[in-house]
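*Asks:* Letter by letter, the chains look like this.
Protein chains: 4
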Amino acid sequence: MRHHCGLFGIAGHPDAARLTYLGLYAQQHRGQESAGIVTRDDRAFKRSVGMGLVTDVFTRRRLEELANPFAIGHVRYSTTGSCHEVNIQPLLVNYSRGQVAVAHNGNLINAGLLRKEYEEHGAIFNTTSDTEVIVHLLANPAHLDKRYPAAHVLSHLQGAYSVLFLFPNRMVAARDPYGFRPLVLGRMDNGAVVVASETCAFDIIDAKFWREVEPGEAVAIYDDGTVQSQRITPPNTFRPAYCIFEQIYFADPASDVFGENVHEVRTAMGARLATEAPVDADAVVAIPNCARCAALGYARQSGIPYGRAFITSHYAGRSFIMPEQNQRNLTVKMKLNVIKPTVKGKRLIVVEDSVVRGTTTRGKIGTLRAAGAKEIHLRVASPPIQHPCYFGIDFPTREELVAHEKNVEEIRAYLGVDSLHYLSIEGMLACVKHPGRHYCTACFSGQYPMNVDHPVSKFALERFQLQMFE
Amino acid sequence: MRHHCGLFGIAGHPDAARLTYLGLYAQQHRGQESAGIVTRDDRAFKRSVGMGLVTDVFTRRRLEELANPFAIGHVRYSTTGSCHEVNIQPLLVNYSRGQVAVAHNGNLINAGLLRKEYEEHGAIFNTTSDTEVIVHLLANPAHLDKRYPAAHVLSHLQGAYSVLFLFPNRMVAARDPYGFRPLVLGRMDNGAVVVASETCAFDIIDAKFWREVEPGEAVAIYDDGTVQSQRITPPNTFRPAYCIFEQIYFADPASDVFGENVHEVRTAMGARLATEAPVDADAVVAIPNCARCAALGYARQSGIPYGRAFITSHYAGRSFIMPEQNQRNLTVKMKLNVIKPTVKGKRLIVVEDSVVRGTTTRGKIGTLRAAGAKEIHLRVASPPIQHPCYFGIDFPTREELVAHEKNVEEIRAYLGVDSLHYLSIEGMLACVKHPGRHYCTACFSGQYPMNVDHPVSKFALERFQLQMFE
Amino acid sequence: MRHHCGLFGIAGHPDAARLTYLGLYAQQHRGQESAGIVTRDDRAFKRSVGMGLVTDVFTRRRLEELANPFAIGHVRYSTTGSCHEVNIQPLLVNYSRGQVAVAHNGNLINAGLLRKEYEEHGAIFNTTSDTEVIVHLLANPAHLDKRYPAAHVLSHLQGAYSVLFLFPNRMVAARDPYGFRPLVLGRMDNGAVVVASETCAFDIIDAKFWREVEPGEAVAIYDDGTVQSQRITPPNTFRPAYCIFEQIYFADPASDVFGENVHEVRTAMGARLATEAPVDADAVVAIPNCARCAALGYARQSGIPYGRAFITSHYAGRSFIMPEQNQRNLTVKMKLNVIKPTVKGKRLIVVEDSVVRGTTTRGKIGTLRAAGAKEIHLRVASPPIQHPCYFGIDFPTREELVAHEKNVEEIRAYLGVDSLHYLSIEGMLACVKHPGRHYCTACFSGQYPMNVDHPVSKFALERFQLQMFE
Amino acid sequence: MRHHCGLFGIAGHPDAARLTYLGLYAQQHRGQESAGIVTRDDRAFKRSVGMGLVTDVFTRRRLEELANPFAIGHVRYSTTGSCHEVNIQPLLVNYSRGQVAVAHNGNLINAGLLRKEYEEHGAIFNTTSDTEVIVHLLANPAHLDKRYPAAHVLSHLQGAYSVLFLFPNRMVAARDPYGFRPLVLGRMDNGAVVVASETCAFDIIDAKFWREVEPGEAVAIYDDGTVQSQRITPPNTFRPAYCIFEQIYFADPASDVFGENVHEVRTAMGARLATEAPVDADAVVAIPNCARCAALGYARQSGIPYGRAFITSHYAGRSFIMPEQNQRNLTVKMKLNVIKPTVKGKRLIVVEDSVVRGTTTRGKIGTLRAAGAKEIHLRVASPPIQHPCYFGIDFPTREELVAHEKNVEEIRAYLGVDSLHYLSIEGMLACVKHPGRHYCTACFSGQYPMNVDHPVSKFALERFQLQMFE
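Residue numbers (this note's numbering), protein chains in the order written: chain S, 1 to 470; chain E, 471 to 940; chain F, 941 to 1410; chain L, 1411 to 1880.
It is worth saying that the hints were derived from the structure and are not from the lab. The C-beta atom is built at its ideal place from N, Cα and C for all residues, glycine as well. Careful: at least some of the hints might be erroneous.
Calculated from the model, a selection of chain E residues having no Cβ within reach of chain S, i.e. all distances over 12 angstroms [claimed, not checked]:
#: 1; residue: Arg517
#: 2; residue: His554
#: 3; residue: Leu562
#: 4; residue: Val605
#: 5; residue: Pro611
#: 6; residue: Gly695
#: 7; residue: Ala753
Here are the computed lysine to any residue pairs in the SDA-like style, where the Cα-Cα straight-line distance is at most 25 angstroms [to be verified]:
#: 8; chain 1: L; residue 1: Lys1745; chain 2: E; residue 2: Tyr785
#: 9; chain 1: S; residue 1: Lys146; chain 2: E; residue 2: Ser625
#: 10; chain 1: L; residue 1: Lys1754; chain 2: L; residue 2: Gly1826
#: 11; chain 1: L; residue 1: Lys1784; chain 2: L; residue 2: Ala1693
#: 12; chain 1: E; residue 1: Lys810; chain 2: L; residue 2: Ala1840
Computed, partial: chain L to chain E, Cβ under 10 angstroms [stated by the list, open to error]:
#: 13; residue: Ala1780
#: 14; residue: Arg1822
#: 15; residue: Asn1861
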């Protein structure tokens, strides 16, 4: 039930723990709440996890202790609810066949149901994450003797998942039949197979991209180097439902996701937006940092100069102490300095990648107004977000979405801009390479690729309002 | 030499978390490796655990977060093998009836067997401690509807245990049918029931001693204050086997254990030793700190003046850095300063409570020799330790015990003393109030109160040489 | 390359300590080695300093302890030599007139000479920084009764300095007669006067820019609000020598420095560079982050599209652990991800702000080559750095400067680019508003604004190779 | 102006830094507020200091960085007032002859006067400790060319001091003409000279006691091994005034101080007390830990058995969190457990070494009463403390001394004991080896060995209520 995560795995490399550290570091944008690594050789597993950034959790000594040729790792996003240490992944458990570690990115629709069923048969749960359900399925005597136990148990799951298993003799990388979340395979120079959520993790360790894990596929990499493709479901039994929000916001611009470069997709969306919603202005500026690609695309398409309105503080992200007397827009100013000559007296086209609650965007617009902007035309390089995600993106509740009950004009007024245009759903889908029906656009369109009548809430698995802090 | 734990619980007190903190602090001598507290009100459980001393693990903020009227806590001793965070107690798990927390002091003989059996039925284990077996028994659908589930499942266990459960509606304190480990009940002024391993935990919080939990008894304290005595086994089906080593070494001298004051027992043992092994000397001195009671008893009985040979450093226990050039007996000297006038040219009777490996004692004897002692007569206020303990005392391996293959004369020579005498088993048992056959003396006599043909080793539950560090 | 500091002061504000914290945070780019704040009310001084970033040094509790209406603060850059805690500023000392705190940005040419003289009269020095000389001058009985003691003693100093004093009854902000380093005055809504090195410190606290402290001026702000302009030297006795490197590299693009916006100056330099050294290409890309302004100027002027070749890691700056097996260009890749479609098979104009050693630039160029760039044309928006700075910029030794003994063609070959052009000195000076002779360009031209025959080295004041670590 | 300190120095040993660490550790009882070490070889000084215990301040890495053949160190007691990092000793400063480090134990009567004089001549002070005055005297050009500069400048000081200097070519250990504070010389096996406040520092490093530094003597140990005795004042110009409180309370019982063993002195005082104030009882018990020696002496002399009423917690000294609901005598109980059988229904003679405020003693007496003591006869092995100390013992203010305005009967009633007797001044002086007039007994008798009409208060040197926290 954890949202926004990054996975990394490597099989058969003397420096596996450190390469996993780097692979997680490169995917830190996918999750800043916690980080964990499990490694093993042919005798023993080792696990090290902690709250915080990869660079905070892993000291040199910890990495040295983890030295081993096989490793999987996980980073997780900061959610507001239930960030207990007990939930940090990868999980490592004991069962009748020995030990197994699991790392998971996605959201399981039927986790609560399965959990209830297992508890009624005497099972014990130590975490409140849906990942633990997977290991109970694995330990079930009915599944133990299946030819491909991992692929077999995954067929019981409904929802979105990319998942990594580390068994005593193999690593398994699997992706749900819809392919919601990305998962890619690569190779090191020494032949070691690597797995990651995004290709940017390969770049940092000089791994070569090999191919995507296919929707519904489980790829087993045995310790002897054998690679075996197993099927959770027969190929093409499900229509793909690639998460379009990975392209819009979540993935790193340098990554290839679902087979194409994220920066290119975003630039195309910005250009498309210029076609859909042109306006005359002195400069096109981006709300840093995410919208730079789209803003560049808008500027190129429109011929209006690309400008810099904000300087990002190198030190933002550090925790800082707020003064007692309220400064206007201080949280914005701790992160961004305005370059006044770009703004003062100017007509600006401000490009955003997406607007969720609207509060941050509103603060930044306010800062530009205070710096003397003459006109502000906001262009959002994605459609209005109006529906919840049940597949792993941790949007706020429906009521908090600015587009939930407001129409575009009302949002314009709320944000305080002179004009506002969103990219159309068709325009958005025209910028990606797969057919439009192969993407999940539910957060924009409300059309879910599977039945979500009884979805689990983020805290469905937490009974008694469990609070753990360790 | 110590694989040991301390327990504390309190039911129905507004300051339960802080009182548990104090109760654990007072029993810190029972375990310095880790500490943990689980609390709840009528809605939610909270858990906070960590490696280190009670005062290191719990900050003011953590205690405030734990505020709740019901609490159990646990301290554990530093063992060399498997000190993973995942094993810190109390455990807190989810099962079909909600949540339950467990804290355990002792050692289960049949834990490995039970664990194997449960794993074969699909169970998952997250820790390598035998305590987790207890929660699997609790979650077993076959046990759920028993009248007294906790008492019922404990009847499946073999070995030594004192255990505390915190259920959503009650606390249960139980003790194995042999009563190996102590467990006592007390009451606060406001009527709240408290449970602890030793009475010294009651003194610090001004609780009144009420009674011992009986061997084979499980005492349930319901949230409404009802106290119910349940039976694991019918009364008197087993002959008690109180651990005599609690009296000799482990418990706090200020505590009452098995119904009598520890200091008094030790003083009596010292006096008995003076009768069994008299010798003329200038002074009776104790090896600090444990042997002071026995030394006082020896001095009184013999009429030879009690003297002070060592000053204990107030700062010992802090980690310190050893210089590169070896100093003679430096580890001893970091903890003890010799008072030379007491020692130089004097004939000393040195009293020890027990000798395990002999290395520490030897170092201290060497320090006395270096300070000019003329004669050193070592008197040990317990018999030679020659056999392993399967019931919770973490002695070193048999081969490391100085008395394993050496006779008394050989030990005397090894320790470098002029004469050496141990207290006899009969002498020892003459100093305690229960009949001798009601004590477990297996470490001295080799006579175990139950069949130990297939005992579990400390690491039996760790497959693949699991190493976790978090 | 940076021996540099940032100053902040505020006189007469109930929230002075926290505002100073924010003012230092906004100027963190001027110094990351250490941070310090001294505050006072009308009775007592308080001081808190530490190694590291502003956000690391100051906890909420520390800021609360510093609460007081008058405050000065300092940030300092990490130099390789002598980063002792004892040198952290502001200094706070006792002398015959009470206490005084001093914070200093710059470099004093005659500090060694003065120090020697004072030591010979019995003075004691606790630090190895030149700032301590200033307080000895202040304490000198010959200076105590001058009308303006601070201005008076500064007239004894040679070199570059902007300096803040906090006396028991006033704050004094002063700038050397050449005006090497920036120093600006602002006002808060409540009338409180603020002082900072750069105007970006005013933006974060909503202070209004008032005016620059003039070269050779000392501005005293008394506790009653009176502001008094004092002179260190008569006006216009010296020709200004504003440090051009503040404009090129050091200051924040959002700041106004020496009367004009830094981003605008840099954009103009980039545009000028396009005129001086045009070349055909597919895109203009910046080496992040500093060169973005200049690259934008180059792109606008040339009409070649501005592109994004690098994504800056949000998490760079955190300390990370290098794997044992060397990855190619790993240090670059920890900070930057390459967007391959922008680079692969493309002819790139790469814009840098300045090249000092050349090693970092070379690494980034190598990364672009590895990503498949077809042509790389490096354009540097400043002239070659060939001479040492004696006025506060901590360049490496002359031998380490890539332009020291290499001509442009040799540098081009070393950096591995297809063509290389630097901005000319005339071109550079054409982009700033003051007359060219009013800037110090010594690092480029070798023409120093004052005699530097006997300059002090950075460690001149450290005798016996002092090493202190606290 | 620092009180209660410990000194250690070593000249010419490859492991000097680590041996100093051990020497300070052994003298930790003399000061727990801060610790510092300065070392040097023939080229450079190094300094490392910090707040807290020796074992907290010095990590392995810090000690390795300090590696050097010459070292001096300092521990300082926790005083309530002015514990700033800036005051941590040893001081290390620069003056015209290079660097010099100073560590000081004692209290200078004329420090304020000298400081004022120096400030008026332009001197700057960085600390609020009287030690800094010493370095200003050293740096004074008038003193630089004296034959023995250290001895010469010390002759300007009035008050109590034992002081260590580390010059670039020698270490100097000096003691004031009255010899208030102890200072002893020893030798290592390799010939290296060591200096310490107490001989217990020699025991831990296997150094041999050589001799005391004489009152009024300065012993210079040159780097080539030459030892030179210099005189601050001619021998025997002052009558010794050895601090009797070192014998009663302050020094370690294992140490020799002023030429005799502390434990022996205390035991003799206890015996003398038994003669002066006999009473019938069941047992003699000590208030731990300090009074054990005296209690043993009382028991031996009286023939009444020595008993144990309290167990000292091994974990006291750790900071702990107090529960919100007040427990009776909790602070006492966190440190001491009562052994009830020793106390309940018994007539006890309780021996204390000294009573200052009376609050702690009262709490302990209350604990004994609560445990059921039938009679409590308090015997204090020193006279009532009625006068302030100006020579380095940091007693509370006169008003806080329990004996200040109360007579013995009033104190008895306040403490809640059945009878109370103090040792007489004559009795006390009969137990030490030097003539009574050679001890300073001012805190008991009010007879000061020098004029103290204008003594400095502890904070005399802190103007403006300076508060520094770093």
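*Asks:* Mind verifying the non-interface call on Gly695 of chain E? Its CB should be farther than 12 angstroms from each CB in chain S.
*Replies:* Its Cβ never comes within 12 angstroms of chain S, the nearest being 22 angstroms, so this holds.
*Asks:* Measure nothing beyond the straight line between the CA atoms of Lys146 of chain S and Ser625 of chain E; if it is 25 angstroms or shorter, mark the hint as holding.
*Replies:* violated (36 angstroms)
*Asks:* For Lys1754 of chain L and Gly1826 of chain L, compute the direct alpha-carbon distance and say whether it is at most 25 angstroms.
*Replies:* holds (17 angstroms)
*Asks:* Does the structure keep Lys1784 of chain L and Ala1693 of chain L at a Cα separation of 25 angstroms or less?
*Replies:* Cα-Cα ~12 angstroms, so holds.
*Asks:* Does Asn1861 of chain L pass the interface hint, meaning its C-beta sits closer than 10 angstroms to a C-beta of chain E?
*Replies:* It is violated, given that the least Cβ distance between Asn1861 of chain L and chain E is near 37 angstroms, above 10 angstroms.
*Asks:* Would the hint on Arg1822 of chain L be counted as holding, given a Cβ-Cβ threshold of 10 angstroms to chain E?
*Replies:* violated (27 angstroms)
*Asks:* Regarding the assertion that Pro611 of chain E does not contact chain S, is the least Cβ-Cβ distance greater than 12 angstroms?
*Replies:* Not fine: 5 angstroms to the nearest Cβ puts Pro611 of chain E too close to chain S.
*Asks:* For the pair we were handed, Lys810 of chain E and Ala1840 of chain L, check the Cα-Cα distance against 25 angstroms.
*Replies:* The given pair, whose Cα atoms are some 22 angstroms apart, holds under the 25 angstroms limit.
*Asks:* Decide, holds or violated, for the assertion that all CB atoms of chain S are farther than 12 angstroms from the CB of His554 of chain E.
*Replies:* Non-interface label fails for His554 of chain E: nearest chain S Cβ at 9 angstroms, not farther than 12 angstroms.
*Asks:* Can you confirm whether the C-alpha distance between Lys1745 of chain L and Tyr785 of chain E stays at or below 25 angstroms?
*Replies:* It holds: about 14 angstroms lies between the C-alpha atoms, which stays within 25 angstroms.
*Asks:* If we take the beta carbon of Arg517 of chain E, is the closest beta carbon in chain S still more than 12 angstroms away?
*Replies:* The claim breaks: Arg517 of chain E does not keep its Cβ more than 12 angstroms from every Cβ of chain S (closest is about 5 angstroms).
*Asks:* Against chain S, does Leu562 of chain E keep a CB gap of more than 12 angstroms to every residue?
*Replies:* violated (7 angstroms)
Comparing the model with each earlier hint shows violations of hints 1, 2, 3, 4, 5, 9, 14 and 15; every other hint is respected.
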